[in-house]
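K.L.:
Sequence:
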Amino acid sequence: MGATDHLLCPAAKAMELFDERWTLLVVRELVLGSKRFNELRRQLPEVSPSVLSKRLHRLAITGIVRKSMVDGDVHYVLTEAGRDLRPVVEALGAWGARWLESTDDASARS
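In terms of UniProt numbering, the sequence shown has 87 at position 87, counting the first letter as 1, and numbering is strictly consecutive.
Keep in mind that the hints were calculated from the coordinates and are not lab data.
There could be a bad hint or two in this list.
Only pairs whose alpha carbons sit at most 30 Å apart, straight line, appear in this in silico DSBU-like list of lysine-lysine [what the hints assert, rightly or not]: (1) K67 with K13; (2) K13 with K54; (3) K13 with K35; (4) K54 with K35; (5) K54 with K67; (6) K67 with K35.
With the hints as extra help, turn the sequences into a complete structure.
P.N.:
Have a look at this one:
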């Protein structure tokens, strides 16, 4: 792969979106079901409201999330493209559980 080929690589393009801190965790929460903004804030307490708003906006622009009105409240829901990320989120979680939790345990014992 040449120096500029990575710019055309679909994985590199996807990583441009998901390398922003908290973005994948926002998607993970929405994989579990639609949420209002304050529900997302409670599930992700480390994320400031302004950062959460920016991540949701970027996910909406890229077609992964959309706003939906439910009983007069704005809910954030995954689009078809967002729902296609479910196996990615699940696989990443399974990988982390297998390889990183054991690393944390080993570090704690050293």
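K.L.:
Could you run down the list of hints and mark each one as holding or not?
P.N.:
The hints, checked one at a time:
1. The straight-line distance between the Cα atoms of K67 and K13 is roughly 24 Å, inside the 30 Å bound, and the hint therefore holds.
2. For the proposed pair K13 and K54, the alpha carbon gap of about 19 Å is at most 30 Å, so the pair holds.
3. Taking the CA atoms of K13 and K35, the gap is about 27 Å. The hint holds against a cut of 30 Å.
4. At roughly 16 Å between alpha-carbon atoms, K54 and K35 fall within 30 Å of each other, so this suggested pair holds.
5. Distance restraint check for K54 and K67: the Cα-Cα separation of roughly 14 Å lies within the 30 Å cut-off, and the hinted pair is therefore satisfied.
6. With a C-alpha separation of about 10 Å, the suggested pairing of K67 with K35 holds against the 30 Å cut-off.
The structure meets every hint from the earlier list without exception.
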